[in-house]
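**Student:** From just these sequences and the hints, can you work out the full model?
Below, each chain spelled out in residue letters.
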Amino acid sequence: MSEPGMVVEGPLAGLEEIKKQYPTERAALMPALHAAQREFGWLSHEALAAVASRLNLPEATVRSTASFYSMFQGKSTGRHAVRICTNVACMVLGAEGLLAVLNGLYGLAPGQTSPDGRFSLEVMECIGACDKGPSMLVNEDLHTDLSAEKIIEVLETYE
Amino acid sequence: MTGVKVKYLLGNIDNPNSADIEEYEKAGGYQALGKALSMESAMVIEEVKKSGLRGRGGAGFPTGMKWMFADRDPKFPKYIVCNADEGEPGTFKDRIILEKNPHVLIEGMAIAAHALKAEHGYIYLRGEYPAAKKVLETAINQAQRRGCLKFPLHIHQGAGAYICGEETALIDSLGGKRGQPRLKPPFPVSEGLFGKPTVVNNVETFANLPFIIKNGAEEYLKIGNPECPGNKLFPVSGHVERPGVFELPMGTTLREIIYEHAGGVKGGLALKAVIPGGISTPVLPPDKIDCPMDFVSVPKWGSMLGSGAVIVFAEGTCLVKVAWRSLKFFERESCGKCTPCREGTGWLRAILERIENGQGREGDIGLLEDVAGNIAGNTFCPLGDGAASVALNFIRHFRSEFEGHIKTDCRKMAVGP
Amino acid sequence: MVTLSINGRKVELEAPVTILEAARKNGIDIPTLCHHPALELWGGCRMCLVEVEKMPRLQTACTVRVADGMAVHTETPRVVAARKAILEFFLINHPLECPTCDKAGLCALQDLTVKYGAVAGRFEEGKRVFPEVVDDPVIVRNMKRCIMCTRCVRMCDGVQGASAIGVIDRGAGSHIEPFSGGRYNCEYCGNCLTVCPVGAVMSKLHRYTYRPWQMEKTVKTICSFCGVGCTLRLEVRDESIKRVSAEYGDGVNNGLLCGRGRFGYEYADSPERLKTPLIKRDGRLERATWDEALGYAAERLLEIKKSGGGAAIGGIAGGRTTNEEIYLFQKFLRAGLGTNNIDSIARLGLLPAQKILEGVFGQGAAANLISGIPHSEAVLVVASDPTKLNPVMGLEVRAAARAGRKVITIGHVDGLKRHRTHRLEAKTGPGQETLIMAGLLGELLKVKPLTGENPGLEDAIRQWEKTLPGPDEVEKAAGVAASLISATAADLKEVSTSSIIAGRELASSMDMRTNMLLLAALGYILNSRIFLISEHPNEQGLIEMGCSPDMLPGERPLEVSTFREKYEQAWGAGINPEAGLTLMEMIEQAGASIKALYVLGEDPAFNLPARGRVKEALGRLDFLVVQDIFMTETAAMADVVFPALCWSEKDGTYTNLEKRIQKLKKALVKEGIEDWRILAEIGKRAGLPARYRNVSDIFREIAQVSPIHAGLSFESIEEGGLLWPYKGKPLVYSATPYSAAQSSSVSTAAGGLYGPWAEAAWSGAPQAQNGLKLVLDKPLLHSDTLSTHSGALMDLMGGPEARLCPETGSKLGIADGDAVKVSTEQGHISLKARLESGLPEDALFISNNFRGAGAFELFGYQLEPESKTPVLTAQNLKVERL
Ligand SMILES: Cc1cc2nc3c(=O)[nH]c(=O)nc-3n(C[C@H](O)[C@H](O)[C@H](O)COP(=O)(O)O)c2cc1C
Ligand code: SF4
Ligand code: FES
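Chains as they are written, first to last, in numbering that gives the first Met the number 0: chain U, 0 to 158; chain E, 0 to 416; chain S, 0 to 881.
Keep in mind that the hints were calculated from the coordinates and are not lab data. Note that the structure is predicted; figures quoted are calculated from it, not measured. Check the hints yourself; a few may be wrong.
[Claimed, not checked] 20 Å max Cα-Cα, derived EDC-like pairs, lysine to aspartate or glutamate:
{"#": "1", "chain 1": "E", "residue 1": "K195", "chain 2": "S", "residue 2": "E39"}
{"#": "2", "chain 1": "E", "residue 1": "K176", "chain 2": "U", "residue 2": "E121"}
{"#": "3", "chain 1": "S", "residue 1": "K669", "chain 2": "S", "residue 2": "E271"}
[What the hints assert, rightly or not] Here are the in silico distance ranges between beta carbons for each label pair:
{"#": "4", "chain 1": "U", "residue 1": "D115", "chain 2": "S", "residue 2": "S829", "range": "49 to 55 Å"}
{"#": "5", "chain 1": "S", "residue 1": "D490", "chain 2": "U", "residue 2": "E15", "range": "20 to 26 Å"}
{"#": "6", "chain 1": "E", "residue 1": "P381", "chain 2": "S", "residue 2": "D490", "range": "27 to 33 Å"}
{"#": "7", "chain 1": "S", "residue 1": "G104", "chain 2": "E", "residue 2": "K183", "range": "34 to 40 Å"}
{"#": "8", "chain 1": "E", "residue 1": "P15", "chain 2": "S", "residue 2": "D168", "range": "27 to 33 Å"}
{"#": "9", "chain 1": "S", "residue 1": "R121", "chain 2": "U", "residue 2": "S75", "range": "38 to 44 Å"}
{"#": "10", "chain 1": "E", "residue 1": "P15", "chain 2": "S", "residue 2": "E124", "range": "47 to 53 Å"}
{"#": "11", "chain 1": "U", "residue 1": "E45", "chain 2": "E", "residue 2": "P381", "range": "36 to 42 Å"}
{"#": "12", "chain 1": "U", "residue 1": "S75", "chain 2": "E", "residue 2": "P15", "range": "37 to 43 Å"}
{"#": "13", "chain 1": "E", "residue 1": "R360", "chain 2": "U", "residue 2": "S75", "range": "39 to 45 Å"}
{"#": "14", "chain 1": "E", "residue 1": "K183", "chain 2": "U", "residue 2": "E15", "range": "34 to 40 Å"}
{"#": "15", "chain 1": "S", "residue 1": "D168", "chain 2": "U", "residue 2": "N138", "range": "23 to 29 Å"}
{"#": "16", "chain 1": "E", "residue 1": "G10", "chain 2": "U", "residue 2": "N138", "range": "30 to 36 Å"}
Yeah, the Cβ is synthetic: ideal placement off N, Cα and C, and Gly gets one too.
**Tutor:** Laid out in structure tokens, this is it:
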């Protein structure tokens, strides 16, 4: 997520460094999309077009590729991306109950952003923290052993 | 069956600085690399072949053989790619290495690069592991500064697509494309990344190499099942007392893993079912837990070793719901390339959903079996087969539970643990 | 040799192919949906599953290669069950709206369901829905019907190279979209429509107006829009074209088309078509009978011949006329009216360029196969954009780039920008190609030794070598990095076969001789096949049929008496030994030495530079005859107008830019008289016996008189046409200068082309003009004003645009979409500004397709002294916002 006040020189300034890691410009597409998502908040039309022009790729190609991956956001998101795992291991430990809690407290439904724009919620497949499930990622932070109380406690630390 | 007990993957992870290169070196790290560099490339490949190491990514393919194919291809540059996409639900073994012991992976990749004369390396890291990314970046930097890394090694971050764990999809994804499986042949060892010979190995596979090179193939063969030697990481989750990752010799039984290492079923409840190797592998009923866990034995017991991810279900778990959630996973992760998987996984999920919601009908079990049977064997890649086998195996072992669901609404019936 | 068995039958094959190919070659059909022979292998639909002994899983026939000893079974109960299952998977989400689907009857899914039997509806959940998208002018998308074979995407990406569409999302939610529903990069080739096996992407033209099985006939003919000469299928009902299609394997285009060819056919049905002959009475064109019009025209022309001599009459032909028409046209003028004042639109570039090249390399130098382009090691594109002017040839260049061949562009080539190329483009607009070519030649000479095969040319090249500009000089003057030029030359060092595609800008330039020698030298060093861009379907025919003031049919020089005599004998009339006037000379002499003009299928009042002066000149004529399908600006000035038939309404032949003769087939019966008949009739009135019953008779005469066409018959032009040198004899040219090798009479004819070159020294860089330059634009979707009569093309590009890059726009204070007035000393026009990034700086692109705002309102010209080609000029260019 773009921090307010973050200074960047032109859109996707860091891309030149990334390009050096690959023999083709096409290969730099995923890192470029990650960078664009950090910078623009989500992969808007504008963000995709910027990536396309920086990598000399057709826009349809960029959009098609971006849309394949669930972590590339095709619509605007809240300030904090909440990603809860509901896959089997977390499910049997009660992950689904947490969704109800979030809905009640923040009006959050999977795939949507809370009315105050604070959180957007994504239901995830396994995030590889099954031993301490239920688990979730908030932005880049992993939170585990969630219960109804703990999830509220954690989320309240994100403004 | 279990031979020597050594821990060479997670030996030092209790050390809070285990990810630091100094700690790693103190414990003997990077000595294997030094030894490898003093050997002819071909000799390193020979040693790996002799060791009988099998890939830990799920298929158990002999690593030495894969290397030999790539080595024989005359094209250059060659690439080595670490598959750190760990997406198989229930699996979190690679994450421990990535976050706690990254240098064992880096050392393993450096050995592989020397063996294969590879000039470039990438680690395809799943997007859901941002913490691991930071650790890896630091570790790669350290290794580079120490001169342990003689080739550029980059991290390529995934973005949420299970299928990118499949190696050809991974290669396309690394090339900036939609991560869909490609036709084989040509195989990655001859036409992989950017059309060049490419070896893709799992994190844990690479992490086995320092031990093999340092101690020699013979020592390695003494661990576990001689047909499938070495240690294996078993991530255990679900209804157990002490979930976590356990480093145990190949061939350790499921019973030992669940009851000795993971502390047994939670709350002392009875075991209802266990998935032995991640949700793509067939579920096993309680009477199958004496199965030794290695690539050779598990198939004989009706399942597969897969990633070795053990998910335990206690008495009271609704298995229809587990099957439904598994199919939902496959539906969401189907890449959409081939018809049976694209159209069939959602259909299976829909039937399971109505059974789960108390709207099942007579004939639904037969329909499930029929649709799953139409998927199985007809898909482009193993993902679709996995989806079909989940449906088929849950029904096979727990048919009466499915029948019960169709007759009575589950929500009135099931009591969770 | 591979031996295998398919369904128990022994099959032997030369080379390992896929099971599918092996089966099809042996007449065994295996159903497919995602497979298409023109596209990258996919293996996704799983329809082609077959059983292979010893393999536990069923295998996809489209991807698995046969191996020796393999035993394949294509229709076992297991296979049939699997296919049924796959079909069921397709149908669970398919809307089954066949009654309202235009594809019904041509749908592969429908056919396969019929073959394997529908499965009872076991799927009871809601079907996937996507709204039908009809907001595009020509393409309807219905993603509910899509079966995700991705053939359209693979076509767009891998063959067309436009990458305008892609698969969006994944799994069951996958669907295909243009970027954000817009039109990004879409070239409107419609090749996606050809490969869609179901009704998911379809043409919007004639939507819901017919069912495929109601089509009365499908006629294979040649496209009327450019010199590639693509094979089209006209699907006809009620004497109207309902659809244009092409299938894999068709013609030089191998089933591919461009937007003009596919969607531009509607002009044929335009209500503005001329229907009856017209005669000007009291300053107004009035209807007349054929007899009146023919009689009147012949009478006036003969009168003028009588009073002023044949030299007072001239003829101008356009590039959409057939070989037979052109032949009769020049015969009428030469033998009937006694004039050699015959020229055509080929004067603007193709004719002079070809003449010079053939002077160096021999006749037929520009006769090369388009399909060979991707197989050459390097492709050099100079001063043209084949992807716009000859789009289907452009695809071969893209294919070369994709296959990793070295592709070099000199000048601005929009359509290859996304492809892997060496781009040698000047910073500021076109016109610097001469300099860049010279720089590249100099660098090439340093790294690539001459072979000694053509000593004459090598002498010339060596003389030049000392004076060629170095890369630094080129960098300074044209802004192309010196290092790029050297790197390009280095990359071409090992190249032993190549293709060069050259645009007419090289010939219509004051530097044309320099340009052509540079081109020849590059072509020689790189061992190139040379392709000359040809904008009209029969521009080549104009040259070969003798539609030029100094050449008789068969490209025989007029001044050689033995050739002349042969024609005089055949035609039973004398031929004036003096070469006639060229295109612009005739116009300039109008009202002076030229009293009358006969214009066949061309619109000089619109299509020539200095339009004001041209119109004035035409106004000074005593008599003007125009034969055309629309009331063009020239026709409006005429004394007699003959309504022509258009390409779909008559038989004949076109010769494409490969020099391939192809048959045009009559698909529609329309009122009117075929153009050849008009020419034959008027010829008869001028005393030429007209013995022709049909075009075949005319062709027979051509074959009798033209040495390159000797031995041909209309009937012998197979599908796919006949290639140069047909069956006849070209003039034998030699690599050494003419005089040394040939009889003296021939040598003078060709020596004029070659001789002076050796002395021509590099005269230094043409000076870069500072400031804004006007460039003649050639839009992909239009061709002359003809295409503006096609509704679909107008929906795609409905009006004139002045294109410029955003930087230049902001310098001039012009925003995208602004109305602007552009003026030069010649005149002014008003049109819309379009800002497009990637265009060269300081260049303003305006096309000459739209009446009222054509670029030729603004361009003046100067005649290149040797070839008399009009070189475009634009003085005092100004752009103002309105
Ligand atoms: C659907 C699917 C998902 C896979 N996911 C992973 C994965 O997450 N991690 C992994 O290492 N291998 C995964 N694999 C296996 C890889 O294709 C490949 O076999 C492996 O990376 C090879 O490494 P190894 O030989 O070291 O096991 C997957 C395979 C399939 C078919
Ligand atoms: S089985 Fe087919 S649709 Fe499913 S993931 Fe593999 S290739 Fe994609
Ligand atoms: S035709 Fe073979 S898989 Fe589609």
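**Student:** It remains to establish, for every hint, whether it holds in the given structure.
**Tutor:** Taking the hints in turn, this is what the structure says about them:
1. Among the hinted pairs, E:K195 with S:E39 is consistent with the structure: their alpha-carbon atoms are about 19 Å apart, no more than 20 Å.
2. At roughly 23 Å between alpha-carbon atoms, E:K176 and U:E121 are farther apart than 20 Å, so this suggested pair is violated.
3. Among the hinted pairs, S:K669 with S:E271 is consistent with the structure: their alpha-carbon atoms are about 14 Å apart, no more than 20 Å.
4. The hinted window of 49 to 55 Å between U:D115 and S:S829 holds, with their beta carbons roughly 52 Å apart.
5. Hint check: S:D490 to U:E15, Cβ distance near 24 Å, so the stated range 20 to 26 Å holds.
6. At roughly 43 Å, the beta-carbon separation of E:P381 and S:D490 lies outside the given 27 to 33 Å, and the hint is violated.
7. At roughly 38 Å, the beta carbons of S:G104 and E:K183 sit within the given window of 34 to 40 Å.
8. In this structure the hint that E:P15 and S:D168 lie 27 to 33 Å apart at CB is violated, the actual value being about 43 Å.
9. At about 40 Å, the beta-carbon gap between S:R121 and U:S75 stays in the expected band of 38 to 44 Å.
10. Between E:P15 and S:E124 the C-beta distance comes to about 52 Å, which sits within the given range of 47 to 53 Å.
11. The supplied range of 36 to 42 Å is met by U:E45 and E:P381, whose beta-carbon atoms lie about 39 Å from each other.
12. At about 40 Å, the CB distance of U:S75 to E:P15 agrees with the hint of 37 to 43 Å.
13. Taking 39 to 45 Å as the suggested C-beta distance range, the pair E:R360 and U:S75 conforms, at roughly 42 Å.
14. Between E:K183 and U:E15 the Cβ separation comes to about 35 Å, which falls inside the hinted range of 34 to 40 Å.
15. Our hint of 23 to 29 Å for S:D168 and U:N138 holds, since their Cβ atoms are close to 24 Å apart.
16. For E:G10 and U:N138, the Cβ-Cβ distance of about 33 Å falls inside the hinted range of 30 to 36 Å, so the restraint holds.
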